[in-house]
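Enquirer: If you read the sequences in order, they're chains A and B. Using our numbering, the letters of the first sequence map in sequence onto residues -1 to 295. Using our numbering, the letters of the second sequence map in sequence onto residues 30 to 550.
Where hints are given, some of them may not hold.
Covered stretches of chain B, as calculated for chain A (at least 3 residues, CB under 8 angstroms) [as the list claims (entries may be wrong)]:
no.	stretch
1	281 to 291
2	405 to 414
3	430 to 438
4	490 to 497
Some residues of chain A that are not near chain B, with every Cβ distance over 12 angstroms (derived) [as the list claims (entries may be wrong)]:
no.	residue
5	Leu22
6	Phe28
7	Ala34
8	Phe86
9	Leu98
10	Arg131
11	Gly153
12	Ser184
13	Val188
14	Arg192
15	Val237
In short, the hints are calculated from the structure, not lab data. Idealized CB from N, CA, C, for every residue including glycine.
Chain by chain, the residues:
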Amino acid sequence: MTTGQRSTDLSLGTATSWWRRLLLFARRLFSSPTSAIGATITLLFILVAILGPFIAPYGANEIIASDARQPPSSTHWFGTDNLGRDVFSRVLLGAGEILLLAGLGTLLAVIAGTLLGLLAGYRGGIFDEVIMRVFDSLLALPALLLALLLLGTVGRSQNSVLIVIFVVYTPIVARVVRSVVLAVKSQGFVEAARLIGESQAYILLREIMPSVLPTLSVESALRFSYAIFLVASLGFLGVGVQPPSPNWGLMVKEARTYASQIPWAIIFPAAAISIVVIGINLLADGMKRVLQATGNE
Amino acid sequence: MFSNLENAAKKRSVHVAVLLLAIALLIQACASSPETAPTPAEVTERQGVLRVAMQPIVQLDPAFISSDPEVIVANSIYDYLVDVTPQNTIAPRLAREWTVSEDGKTYVLTLVENATFHDGTLFTADDVVWTFNRLRDPDVDSPTKNLYSNIENIEATGKFEVTFTLIESNPFFLFDLSDNHALVLKADTPVPGSDFNGTGPFKIASYSPEDRLVVKANEDYFDPERPKLEGVEFIFFNDQVAQVEALRGGQVDLVMLLSADLFNTLIGEQGIIPLEAATNSFDVVRLRADRPPGDDPRLMQALRLATDRQAIFDLVLQGYGAIGRDNPIGPMYSQYYSEDTSLPERNVAAARALLAEAGFPDGINLELHTPDTANRPNLAVVLKDQWAEADINVEVFVEPESVYYGNNGWLVVDLGITGWGSRPYPQFYLDTMLTCGAIWNESHFCDSELDRLAKIAGTTMNEEERVEAYNQIQTMLIERGPILVPYFFSQLGAISEKFTDFQMKPFPGRSDLSQVRLAAQ
Chain A
-1 MTTGQRSTDL
9 SLGTATSWWR
19 RLLLFARRLF
29 SSPTSAIGAT
39 ITLLFILVAI
49 LGPFIAPYGA
59 NEIIASDARQ
69 PPSSTHWFGT
79 DNLGRDVFSR
89 VLLGAGEILL
99 LAGLGTLLAV
109 IAGTLLGLLA
119 GYRGGIFDEV
129 IMRVFDSLLA
139 LPALLLALLL
149 LGTVGRSQNS
159 VLIVIFVVYT
169 PIVARVVRSV
179 VLAVKSQGFV
189 EAARLIGESQ
199 AYILLREIMP
209 SVLPTLSVES
219 ALRFSYAIFL
229 VASLGFLGVG
239 VQPPSPNWGL
249 MVKEARTYAS
259 QIPWAIIFPA
269 AAISIVVIGI
279 NLLADGMKRV
289 LQATGNE
Chain B
30 MFSNLENAAK
40 KRSVHVAVLL
50 LAIALLIQAC
60 ASSPETAPTP
70 AEVTERQGVL
80 RVAMQPIVQL
90 DPAFISSDPE
100 VIVANSIYDY
110 LVDVTPQNTI
120 APRLAREWTV
130 SEDGKTYVLT
140 LVENATFHDG
150 TLFTADDVVW
160 TFNRLRDPDV
170 DSPTKNLYSN
180 IENIEATGKF
190 EVTFTLIESN
200 PFFLFDLSDN
210 HALVLKADTP
220 VPGSDFNGTG
230 PFKIASYSPE
240 DRLVVKANED
250 YFDPERPKLE
260 GVEFIFFNDQ
270 VAQVEALRGG
280 QVDLVMLLSA
290 DLFNTLIGEQ
300 GIIPLEAATN
310 SFDVVRLRAD
320 RPPGDDPRLM
330 QALRLATDRQ
340 AIFDLVLQGY
350 GAIGRDNPIG
360 PMYSQYYSED
370 TSLPERNVAA
380 ARALLAEAGF
390 PDGINLELHT
400 PDTANRPNLA
410 VVLKDQWAEA
420 DINVEVFVEP
430 ESVYYGNNGW
440 LVVDLGITGW
450 GSRPYPQFYL
460 DTMLTCGAIW
470 NESHFCDSEL
480 DRLAKIAGTT
490 MNEEERVEAY
500 NQIQTMLIER
510 GPILVPYFFS
520 QLGAISEKFT
530 DFQMKPFPGR
540 SDLSQVRLAA
550 Q
């Protein structure tokens, strides 16, 4: 058997089995009501984030002066805020921003964290020591404190929020990945690959990575929900994205001063944060359950 | 694979999310729950402790105080020579009467003879001389040094008589003597501000920084009728919502400097009296005139044309105040205020055309800096929306006041929103904000015609001449000035109905607490 043939076989086999596995995974996920709810909520919010700009009846910062402070009605489903902006549109349009910021930040953190975690776990030694001690020192600070500190130094903008998510979550992902690598790297199939003389990159990506993936996917979902919370918190504290952005946290902050007068301006964005975070957490729970069951088979 | 720690953390995050929703609902529920007012007891002399909620104070030396909380504390412990009434007239305090020479250069003040400092020493003219010499001393570098640079000499012409001699005549000098910083200290005080040794209606009882400052009635106050309270507690809150909730909950009795939104929530609340005071306070939207892009006055004109003042007034102020006319002379100065020059109507097309003429045919991008206090963030958001229609795209930066004013950053940025407090007469704004090289000339504007008119208005003893000069200044600023003044806002506050005789002044920190007393049942 030549190397060329083997790789063709593998790629063919992977394509079909991946699809099959994904379907199986989805079926198992939806077999439990809680994880089905979580997955539905998450999908719904992602859908809203994508379609928001097309279905929002008004612009995020469109001020309808004559309609300020209106309670929910058929024209303004979630009412209007103190400046006459449509709360429904702002919540819809805010979904895109918060999911994109949190999603992109999480993605970057997961990629960097996975790479560093794989290398640190597999190579060990001084490389491992240095990276992990640096990460430990970052983890010693509460996430929000670290975020505030970073925003103080890099200034406030969407990009800085992205950097904050990246810096805050990379160490956590790296730690989780490293712990899986440590458990796997002494096992027979890894030893065998090393003896055959496979390259380090091949061993890491083809031999070890598949074992890391289940944990990593759950961890990513969790980080994603935390990141949403972080973006909203920074908005609420007024240090993240700047007004008039329809950031849900910022909306809650702005609406706080007149909460008793126009409660709808605070309830809907607050509910959006809560629901999406709960949804993603339920999904992560379900993913964990399904992946563990698959692993045990 | 999954540590307990992660599971716990995940559950916590669900809990936090649920909690957030609960809190949002709770805030709203609490906010609308009715309060019952406690019944005040039988009222006799010097009774009751007024609890005032306000931002923490930082500066204790009267020569350097600036915020309302700092001024209200100082105004309780120390005395001014004269006070300004809410009707903008001069009222006696430590100076019981005065004479002004015809040329407006010599002011002779007769002082009260029975005032003592809290340490027991008698108050005399020497204390006044020392205090004002300090305020104008360039080495002390108080913000008043320019205000008092016109003083040629200060002399004690009797044990209880002081004579101020001016270089140029100043019709507003009595108002200047009542500047926020001009509280009389004991002569030769080694570290001013540290010992709270004033002649004022209240004496210091305790001060715990960032928590509270407590004062008790000065039994030896020169006016035996005052104060009418046993004492005052200034309780520090960083958060305005918390201040209002404390008022509702009966933990404090007086809040001031409220936003319109918070103020509205208090209207109709049982046991609470809403307070509104018309003022000449305003927010200035200004563009640096000394460098591109603002050095082309057409840009400022375009900003003005793109602004819908009525919408801003309704949305941002919710009607508490007056619409501004792009100059600091507001309707409160009834004798000087003029509507002779009409403001241009909003015209987006004309704004675009002007922008194109100024070299920005495709619109312009600007950064708009604003402090995070009062209505300024809302103003910034509404302006962004209105200007966007004329292709003037601004990115809003909302900064804490300490950042906005820190390191004089506000004097550097091109486009900013700055709040200006109410003053008893308009000359102050011209001399500090708009004349060439003025100390707070944030727009870096310099126009010889304005300087000439401001000089006339500020020195002539002829009232008609002054009215004319102020009229011309208003016209000039509307036509080519560097500032946009969208509104003058009212000061809003609220007091518990347990207290009476509180009159909120346009500069709330100058409100007189020595008149306040417990309400009779």
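Enquirer: So, for every hint listed, does it hold in this structure?
Expert: Each hint, compared with the structure:
no., hint, result
1, 281 to 291, "holds (count 3)"
2, 405 to 414, "holds (count 7)"
3, 430 to 438, "violated (count 0)"
4, 490 to 497, "violated (count 0)"
5, Leu22, "holds, 20 angstroms"
6, Phe28, "holds, 20 angstroms"
7, Ala34, "holds, 17 angstroms"
8, Phe86, "holds, 17 angstroms"
9, Leu98, "holds, 19 angstroms"
10, Arg131, "holds, 19 angstroms"
11, Gly153, "violated, 9 angstroms"
12, Ser184, "holds, 16 angstroms"
13, Val188, "holds, 17 angstroms"
14, Arg192, "holds, 23 angstroms"
15, Val237, "violated, 9 angstroms"
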